[in-house]
Amino acid sequence: GAVVSQHPSWVICKSGTSVKIECRSLDFQATTMFWYRQFPKQSLMLMATSNEGSKATYEQGVEKDKFLINHASLTLSTLTVTSAHPEDSSFYICSARDPLGPGTQYFGPGTRLTVL
Amino acid sequence: AQSVSQHNHHVILSEAASLELGCNYSYGGTVNLFWYVQYPGQHLQLLLKYFSGDPLVKGIKGFEAEFIKSKFSFNLRKPSVQWSDTAEYFCAVNYGGSQGNLIFGKGTKLSVKP
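If you read the sequences in order, they're chains A and B. Position in the first sequence (first residue = 1) + 65 = the working numbering. Position in the second sequence (first residue = 1) + 1 = the working numbering.
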């Protein structure tokens, strides 16, 4: 099956710093990728839809200036958490849309962000 | 608003017991339906999906799900669970075809006692 990777898998940073998370589709081209946030014991919350070569579409309530998304190639999307604060600590998961299957998404392993 | 409901937060079963996890979604026209599984410490994996055709869908690891349009339901079943099925199960719905996003249910944690 299609593989999506994320890097890093775990990051700890100081409050006020920025953190970049990479999401890669390893064996297929993904024109559309998604970024989710998962709180403990809760479901995935869609943050934004990342489209290759264009601006990301953010869900209501998600600060686009804080969560910068770049989808510069068909296999890479990045999420940068700027000026991170402890409340940004969470599990961030990316997915890539299957170009051949309507609605199907393949998920990365997630990135655990801890802001001190 | 479009929504997906999973009725059970935590299900505890003994090995060999039968499993049924409920999933209901709000009306939104044509939908594509999915069940994902997240094993402890691992990422989300696709169990099965329904797009059209036979409403009884068979997935990996012996799982199946039945789409009942009149009930807006897509329940997940397995006749005999194993300890290795211990995981969190998420129902997801794609509204709007290939351009739509996935709306996830809150998930059901399944614990299987050996």
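Careful, some of the hints might be misleading.
[Unchecked claim] Keeping only pairs whose Cα atoms sit at most 20 angstroms apart, straight-line, the calculated DMTMM-like set for lysine to aspartate or glutamate is:
1. B:Lys-107 - A:Glu-124
2. A:Lys-106 - B:Asp-86
3. B:Lys-62 - B:Glu-16
4. A:Lys-106 - B:Glu-89
FYI, nobody ran anything at the bench for these hints, they're computed from the structure.
Hints, verified against the model:
{"no.": "1", "hint": "B:Lys-107 - A:Glu-124", "result": "holds (18 angstroms)"}
{"no.": "2", "hint": "A:Lys-106 - B:Asp-86", "result": "holds (18 angstroms)"}
{"no.": "3", "hint": "B:Lys-62 - B:Glu-16", "result": "holds (15 angstroms)"}
{"no.": "4", "hint": "A:Lys-106 - B:Glu-89", "result": "holds (10 angstroms)"}
Of the numbered hints listed earlier, not one is contradicted by the structure.
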